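**Student:** Here is what each chain is made of, one letter per residue.
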Amino acid sequence: MSAALQSQINGRVAELAAQLAATASRPWTLMEVCGGQTHAILRWGLDQLLPPGLRLIHGPGCPVCVTSAERIDAALELAVRPEVILCSYGDMLRVPGGAAGHDLLGARAAGGDVRLLTSPLQAIALAQACPERQVVFLAVGFETTAPATALLLRQARALGLTNLTVLLAHVRVAPAMAALLQEPGNQVQGFLAAGHVGAVMGTAELGQLVRRHRVPVVVTGFEPVDVMAALLRLVQLLEAGTPALANAYGRVVRQQGNGAAQALLKEVFAVVDQPWRGLGPIAGGGYELVAAYRDFDALLRFDLPPAAAAPPPEPLASPCISGLILQGRALPPDCPAFGSACTPERPLGAPMVSSEGACAAYHRYRRPAP
Amino acid sequence: MSDCIQLAHGGGGTLMQQLINQELRALYADPTQVLHDAARLELPPGPLAFSTDGYVVQPLEFPGGDIGSLAVIGTANDLAMAGARPLHLSVALLLEEGLPLALLRRLVASMAAAARACELTIVTGDTKVVERGKADGIFITTSGIGAVQAPTPIHPTAIRPGDQLLLSGDLGRHGVAILAARHGLALVPPVLSDCAPLWPQVRALLEAGVRIHCLRDLTRGGLASALHELAEAAVVELAIEEARLPVLEPVARTCELLGFDPLHLANEGRFVVVVPPQARDQTQTLLAASGGAWIGSVRPASKGARVLLTTSFGTERLLLPLSGELLPRIC
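So the sequence lines, in the order shown, correspond to chains A and B. Okay, so the first sequence: first residue is 1 according to the UniProt record's numbering, each after it adds one. Okay, so the second sequence: first residue is 1 according to the UniProt record's numbering, each after it adds one.
Keep in mind that the hints were calculated from the coordinates and are not lab data. You can take every hint at face value.
To give a feel for the contact side, a few chain A residues facing chain B, derived at Cβ under 8 angstroms:
no., residue
1, Q6
2, V13
3, L42
4, R43
5, W44
6, G45
7, Q48
8, L49
9, T118
10, P224
11, E345
12, R364
13, Y365
Distance windows between CB atoms, simulated:
no., chain 1, residue 1, chain 2, residue 2, range
14, B, G162, A, L324, 41 to 51 angstroms
15, B, A252, A, V272, 32 to 42 angstroms
16, B, R253, A, E83, 38 to 48 angstroms
17, B, G13, A, L300, 49 to 59 angstroms
18, A, A4, B, A289, 16 to 26 angstroms
19, B, V130, A, R81, 24 to 34 angstroms
20, B, G98, A, A283, 48 to 58 angstroms
None of the values given here were measured: they were computed from a predicted structure. C-beta atoms are modelled at their ideal positions from N, C-alpha and C, and glycine is treated no differently.
Start from the sequences, fold in the hints, and give me the full structure.
**Tutor:** Following this line, the structure appears as structure tokens:
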């Protein structure tokens, strides 16, 4: 970045911070939904620039963190079968399943064939190159990555691939935001919504959320100026008592979203209720394959049990409070295990694993000196 | 000779002799070196530096370098970090059965060229072949001897509060080159590894009379890990300014896309130098030609040994070393 541009950005961030201080007349509690935004806030220390009464709580928008332990256990079970090549995205490989310490990297060390993909379409080449093996893609992520999984399945079906399946764990953001607002004791007064999800889905779902729950939502991105400008807009809406939807990320997010991606989602997936790790079952919180694509369901192919309606609770013996953190009810340093029993090297809970997880962000940028 | 490495190439018989005489001779400045078990060295008077390192990088060839050049330059750079002029290197090659000879030839030529670039000589070596599946193409171990030119010991324990931190060039290019090659990311134009000998820059500092307190090359773990090691070893706080850190645009963009921090990415031709305050401007001038910069200063460890980073917005955060494996994020 040129020095001139950096100095322009610095000036703009300082200006927005001053406007925020001048606008906020009383305390507000806001949630940034997306883990990418949590990391940007801690990475750049943006919370240090906010007026004292403005409290940020960190939302569950970390796909790796909310993938159910059950689904990870299914992946671990498949990964050690000799015929299976289990592939997924990088930060999924270190997420523990139901038992702490059991993750896909461990399965790989134990002899499982676990591969890291940067695009789901790489699974097609893998399936073609290894016709005697079964390629299973652990498909995780929000509406940002779900269309890529849908495209993988459309192409696999067109090619007639019989050795490729997906272990589906995609999740939908807007239903989880609604669920948080309905929790007794909810403190969230306004949301910063995730720009990348908006780029795919548009803003219609968020509009419904605003109307139904009378809470302001501002869609934004991940750069310091995006986050600060969206916080200012959100505080302006709150101060004016206007529960409205605003788009502070117009350079990326259009009202109607990405039509081609939405069509793919519709062709391949149907919306279902789904358990989120830490949050419990979310109505309309996930996807299943439609009938035409059911042959590609790894649970059916390998005769694994379907997802339970509600996940088993995290073991009581674990001091991990990741559920409270994912619900925005506690901050990572509140956890007795934070930085001691739970570290990125030996995570007890998923938020310590992912590059989007709130615990990982605090551990990386704020850990107090030992 | 077949076009792949066979087990017999390491078996001590005629194939092994052919391999050494035809393919590996190019490594040695004096080809008669291959005829004997050990090298006889004439070393200059004064203290010597000695270092060893193993190289297992994948892919074996990457934009801007390969495991051969890395194995020579990496060990030469470790010597330079002790303020030593690299003199001689030993090279042990562990070859996997089935390694294409054409690839081995390219790596040998690359090692020879790197040795010339580092102005050192490869004086002794060893070759072993292991069964297919027991190695990853080729592993290389090199050990090097250098003549220490620095008048005072260069060591973390020489670091004092008030000292100044400077960086020899831009960050993260080796890491991006390797990750792009490993994950099949076709960056256009490709980002080339920064793999390069460090001794010329260190020699320039020493010849100009800069009193170097410490040097540390940035390898795995990048600047973050290097600074951490120094802070812990010297029990000081290192305060750096993010806006001063040189990161090229393609590296910054790739990191943003994959969720990496350029401060955690590997380098193979960059170092941090710690100098007393009065040497700061002179050091900066000497390093400026290669894109080097002043990045921060050393403070007493009032809150423990740590690395504190001030962002361009004036906010502060801890800079922690990379934990675990560098994995691309999902979105």
